[in-house]
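Fit chains B, C and D to the known structure of chain A by using the hints.
Protein chains in written order, with the numbering used here: chain A, 10 to 128; chain B, 10 to 128; chain C, 10 to 128; chain D, 10 to 128.
Misleading hints may appear alongside valid ones.
[Stated by the list, open to error] If we take Cβ atoms under 8 Å as the criterion, some of the chain B residues that face chain C in the derived model are:
no., residue
1, Leu36
2, Leu37
3, Asn48
4, Leu49
5, Lys51
6, Pro56
7, Gln57
8, His116
9, Asn118
10, Asn120
[Unchecked claim] Partial pick of chain B residues on the chain D-facing surface, computed with a CB cut under 8 Å:
no., residue
11, Phe29
12, Asn31
13, Gly38
14, Val43
15, Arg47
What the hints contain is simulated information worked out from the structure, not anything from laboratory work. For clarity, every value in this text was computed on a predicted model and none was experimentally measured. Glycine included, every Cβ here is placed at the ideal spot set by N, Cα and C.
Protein chains: 4
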Amino acid sequence: MNSKQEQIKKFCRERNWDQFHNPKDILLGIVEEVGEFRNLAKWEQDPQVIRKVFLEKKAEVEDGIGDMFWFLSLLANSYDIDIDQAAQVVIDENERRFPLDQTKDRHTNINLGGYDGHH
Amino acid sequence: MNSKQEQIKKFCRERNWDQFHNPKDILLGIVEEVGEFRNLAKWEQDPQVIRKVFLEKKAEVEDGIGDMFWFLSLLANSYDIDIDQAAQVVIDENERRFPLDQTKDRHTNINLGGYDGHH
Amino acid sequence: MNSKQEQIKKFCRERNWDQFHNPKDILLGIVEEVGEFRNLAKWEQDPQVIRKVFLEKKAEVEDGIGDMFWFLSLLANSYDIDIDQAAQVVIDENERRFPLDQTKDRHTNINLGGYDGHH
Amino acid sequence: MNSKQEQIKKFCRERNWDQFHNPKDILLGIVEEVGEFRNLAKWEQDPQVIRKVFLEKKAEVEDGIGDMFWFLSLLANSYDIDIDQAAQVVIDENERRFPLDQTKDRHTNINLGGYDGHH
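Isolated chain A (complex conformation) (with noise of 0.2 Å):
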């Protein structure tokens, strides 16, 4: 198991914490961690000026990153799963789903001309 993941198993097993983790809770508090990002980029159309922005708040987006690694990894615990595991069933997925040739320059969305082999 990834050693961030077990700390935070492990901080929250000496509070006895398991009790209030309901995954509802869980997955609004990764929704609460999207709110506050939304501030950074909104109404701005621009991906450049967006960029710009995310890298002058950097140490903000960072704080963020962790908050929703800390709740991805409650979630996870909840039901003794392994996210480097989980990430790798997804990477070996995508490499199938997503392959080079149809894929290189070329987004995913379906409604928009893109390629998804799922569909």
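Just chains B, C and D now, kept in the frame of chain A:
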């Protein structure tokens, strides 16, 4: 860097997908995963029943966790953020914010009598 | 058209704000509102206690609901959709999908024995 | 009260569904709708192309807006909140917060030079 984050970076670089990775799209991707989880738990009020259905659908839960880690890696890779380091910052902060003697067997919702050292 | 949706349309037209109303930004605005609600309920497992705190914070809940309606109006106004008509379509569909004799006192989570005429 | 909100109240009362309307479930329902919208826009960076696809899928967009209004009504009805009144409170606040002479042709993202009277 976590080796899964690294693999995802390589996958996207090969496809030249950075051009599509506007943070708004990545964040909405995470939201979509949360929405998919919702169907497992919705309207059920008994945490034990929710737990049971998540364990019965463990492969689906693992897949959703892997997808969220994927999106989190896209976000982190956009700004050269190491997820493991970001997680460590949060772990260290939470050690200070939620001291063991104040938070054992106690939640952190300050609206409902919980403890949060930030407030 | 609902008069509140109409007022919001006028407010935005006067400011020439349509240029900013990319649906991604509007959707993330809704997500941010959900995230703010989360703090009232998080980690609490007893629905009666959650109910009590929402009633105690009724002005805050009302404000969040108003904000969500605002964002929903921005989205609807972008594509000349009438929210009242859209709601009627869903009400009619739900009358067919959840007949009274199948769904009285019964939830609609098909993972947990509920009824949903779509499945 | 808005007549659609009233109809949704009646629909739920007939089915005795209030027992299921924990705000966490309602909020995650809204999140699910946002996630569904995401598939129309994802990875596309040109606002005009996004607009085109939303107009082409107008029935789907209308359905999603109706579903969000449904969930918003469930939330409001749980605490006897009138959505129209809640919207009016926000409209009045936004008149004060975003005066026309400061916000015409100008967004409200204070991270990017916008104006927001709250800050």
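Evaluation of the provided hints:
no.: 1; hint: Leu36; result: holds (6 Å)
no.: 2; hint: Leu37; result: holds (6 Å)
no.: 3; hint: Asn48; result: holds (7 Å)
no.: 4; hint: Leu49; result: holds (6 Å)
no.: 5; hint: Lys51; result: holds (5 Å)
no.: 6; hint: Pro56; result: holds (6 Å)
no.: 7; hint: Gln57; result: violated (11 Å)
no.: 8; hint: His116; result: holds (4 Å)
no.: 9; hint: Asn118; result: holds (5 Å)
no.: 10; hint: Asn120; result: holds (5 Å)
no.: 11; hint: Phe29; result: holds (4 Å)
no.: 12; hint: Asn31; result: holds (6 Å)
no.: 13; hint: Gly38; result: holds (7 Å)
no.: 14; hint: Val43; result: holds (5 Å)
no.: 15; hint: Arg47; result: holds (4 Å)
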